[in-house]
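S.K.: Chain by chain, the residues run as shown.
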Amino acid sequence: MALEQAGVPTVAVHTHVFARLVRSVALANGVPTTRQAFVPQPIVGRSAAQLRDSIEGKDPISGRPFIQEVIEGLSAPLSEEDLEGTSFQRSTPRVLEPDTEDRVQALFNENHWTDHLPVILPTEERVARMLEGTNHAPDEVVGKLRPTMFREYWEFTVEKVAVNAVMAGAHPEYLPVILALAASGQTARSSSTNSFATFSVVNGPIRKEIEMGDGIGALGPYNHANATIGRAYSLLSLNLQGGSVPGDTYMGSLGNWYNYSATFAEAEERSPWTPFHVQHGFDQIESTASVFFGGWYTQAGYGPRATWQEKFKHSFAASEHYLPPVIVMDPNLVPSVTFLILRRYSKCDSNHNQTIRRDRVSRGACRNRRQCDKELAMRRTVRSLSLFSPYLSLSLPPRRLIFRRLLAAVARVVLIPLAAFAAQTANAQLTSAATFDIKRFSTAGEGWFETFYVEETEPLQAALDAGKVKADTALLVTETAAGKLALLRDQMAYHHIAQGTVDGKNWMATF
Amino acid sequence: MIDRITVHDPRGHPPKVVGKRLAPRLESLDGKVIYLVDCLFDNSAIFMEQLQQWFGEHLPAVQIRNITPRESWVDDPDMRAVIATEGDGAILGVGL
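So the sequences go chain by chain: A and B.
All residue numbers for the first sequence refer to this note's numbering, where the first residue is 1349 and numbers rise by one.
All residue numbers for the second sequence refer to this note's numbering, where the first residue is 415 and numbers rise by one.
Please note: incorrect hints may appear among the correct ones.
So the derived list for chain A, only partly shown, Cβ under 7 Å to chain B, looks like this [unchecked claim]: (1) Gly1355; (2) Val1392; (3) Ile1403; (4) Val1452; (5) Glu1500; (6) Trp1502; (7) Lys1508.
Just so you know, the hints here were simulated from the structure itself, not pulled from any lab data.
Quick reminder that beta carbons are idealized off the backbone N, C-alpha and C, glycines included.
The following block holds chain B by itself, in its conformation from the complex (with noise of 0.2 Å):
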């Protein structure tokens, strides 16, 4: 006969997931305000800069604006205040 043991589980107790809804999107792109988002990594900006030079490249009538956070890895709730108020949309990047 095998001799079998029982044993705790060592895990702790994860919190109940509640449904988010996404915000609706946008229909066009074309004249709407667009957000992109430095996360302040290391070369984020850079990135960002080519991102808008691509969209006034191949999309010029979507309004590219660039922001950037207060600091690195800190919620900045006065700048979500102006995407939300002034902007249709945001893009936001980038990581390591």
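For reference, chain A alone in the conformation it holds in the complex (with noise of 0.2 Å):
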């Protein structure tokens, strides 16, 4: 759309899954009538052959030729409706027509109001009664939600939040935790491929007084407040940002179940940790509730078989260093595993003048200023939002607890640390490439993955002898022109990409 407002006419060519969200998205922006064209999904895992048919084959929407969608996009002239967009205000009504209880449950699924179980109606008594969980007015504008970041924001008020907790069961008293986590402006309900889900924590003393769950099942359906707060705030993403419907507002990949209800206390009393909310500048007798985005892996599992490292080590194999993992654990394992945070917690400074990894053998300068720009400025983001919260007093219940938004992208991120090493051997038949530059790969991975660079080895032996490696460490071999070459395979599961000179030679690997 930026494009076509800078006048250059432009085609915008999407799989044919899209087609329905590219209509709506185009007419919530004014356009009715973009120029799209279609190929079929997906392009992902294709070879140039297959993708060359898709374009000379037909749009599968349109059922005419692809290149000619194309063409004609770029070409055609444009039509009255073109030329003037349309212009129209839409609104919601404040209550919908009287009809019985078994229609309008019926209406609210038809219209995907709902997470398909059962809500209660909220009807006018109910939705005064919750209401009384706040001294706010309910027609106070608390703030405005939208599924991704290519949709227009929706606007809701206090009482639209109540509407909402009504249909996910909860109490009054509730209301003021799930008036922030409306008011994060973080959707529970968001549209990727990659079936995002939102989690939310909640710390301070609101946790014992409207009982939340913080022992044993707290990430289960074993606690109300848990289990309606984080219904609650599912459903009113879901109504409050204009919807969360598959092929329209939703493009998740598989769904996740996270979307339906994750919500939970901060085992505060009982943990090591310094509660979260103190870690992020608010005192311990303030409550807040914190708001986390992501949501690919659950790892579970602990049995006798395996170690908490062992699990710790496979659970970091799988996580991506561009998004890093929330660690949520039961307390009686957290002082162990806090000695290894704490231990090799690392990071790039602001200024990329100290590379303090211990995971690397490399020392001085930091060789990957983007990624590290990034982390630093989630960091920075998480800080700043700590600091900045319009809505302090958005949520103050009658005892007069302060409620605050927080909204956190990042817990704590740990990396594992691992050393590289060599093997040497007296096989040195292979020989590198004349024209191998090694500069030309150093790039391959960036943006995505973090290159290790290796600038010191050892003999295997040696490194077995100082314990650096045991006998039962998984390796990676790979012929260089000076020998055989072992990494570790968990710190390559991590790296995927490595480079260094041996004798004069450079090699790389990627795993």
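Given two chains presented individually in distinct reference frames, assemble the corresponding complex, making use of the accompanying hints.
M.R.: Here's what the structure looks like:
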């Protein structure tokens, strides 16, 4: 749209499953007839020849040749409708037409206003009772939400939040927490192929006052406050942002169970860690809600045949370094894990002039400024949002609890320490290509993978003798011009790309 | 008599939609500079390479230039400025 507004005729190419979404986004942007062309999904995993077939084939939506759609999209004259655009006012009523309870339940379900489980219907009496949980006016604007960065924001009031809280089965005394979550501006029903979810953690005195669960089953369906606050956050996100409907306002490939309900309290009294909200500048007697966005993997199981260290390694091997993991664990395990985290937590400083990762052999200047910039920006974002809370007093319940908003993208970043070493052998028959240019590979994973620069190596036997590696440690062995080079499998599972020089010969390995 | 109930509408308030005009279309693509914008999704670069080859084989009078934004999912005003200044049209693509 920005290019069109700059006077550049544009055709956007999509895969066919996005057809409905594209139309609705265009309409919401005031353009009823944008020029689009569609190819069959997927694009991922297709060969060049297969993609060429799509280009020379038919647009699966219009049934006309794809390339014709592209060319005409750039050169066919505009219609009157194109030239005028579409302006209109949308509105949603405060209450619906009276009907039977069964019909209203069906209406809510058919309109995708629920999570497809039965809801408590938000009658005027129930909503009025819910509003007793806050002293903020029903018509006060709380904030706005949208399912993705490409959609328009929808606005909502305290009353609208209360309506969704009723539907979730929440009690009025939960409303301050639900309002704080709504005010975060972070949807719990985002739309991404990745099927992201949002979960929230409550800290401070209100946890106890509303009897939230922070013990056995805290993350499961075993506590009324946890279950209904999380569900309310999900339902309000769905309804107050303009929907979360597959093919239209939701495009997650598999979906995510965390989208139903994912809210719990931190077990502050039993944890050796400083409470999360205190770490972010709040007083322990203040109540906060923290929102975490992401959610791909859940690592389960801690059986008699697996140590927590092994579980940790597996978990972090599956984590992306640009979306650091959030760790939620039983307080009983925390002391030993905390030791690991404090000993090995590392990062580049803000000037990029000090690399203090202990899992690297390299020393000196940062080699990946771009990634570090992202991580630093993320940390700054967390900090600034902790301090800047425009809705600090939004949810001042009668008992004078101060409720604050805290949006956190990352809780703790943990990098498993591993060392690289080389196994030099007498077999040095291989030679590197004369044209090999190591710089050509150094940016292969830029922005995605952090290249592991190996600047020191040592014989495998020496590493074994020194206890740097155990006899059963998993290794990846590759041939180099100077012989065989061994890399720790777990380390490569994190970096994916490694490079270095052995005896004057450059080498590069990917995993 | 059937009991009827009145309930609240659970939806938020959408913004007003303000109409926007499309850019004027080209009379012909001959001699025009068309940018192929690789949106950086997996395989989209190969798709754009194939599209570029198609134009080279079938419409060689069209000047095709490939361009990529700074990074995925983020608007790149500098890239847009290049297209607006040096290009006559653009083809964007393609997602998953």
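S.K.: Hint by hint, say whether it matches the structure.
M.R.: How the hints compare with the structure:
no.	hint	in the structure
1	Gly1355	5 Å, holds
2	Val1392	5 Å, holds
3	Ile1403	5 Å, holds
4	Val1452	6 Å, holds
5	Glu1500	5 Å, holds
6	Trp1502	4 Å, holds
7	Lys1508	6 Å, holds
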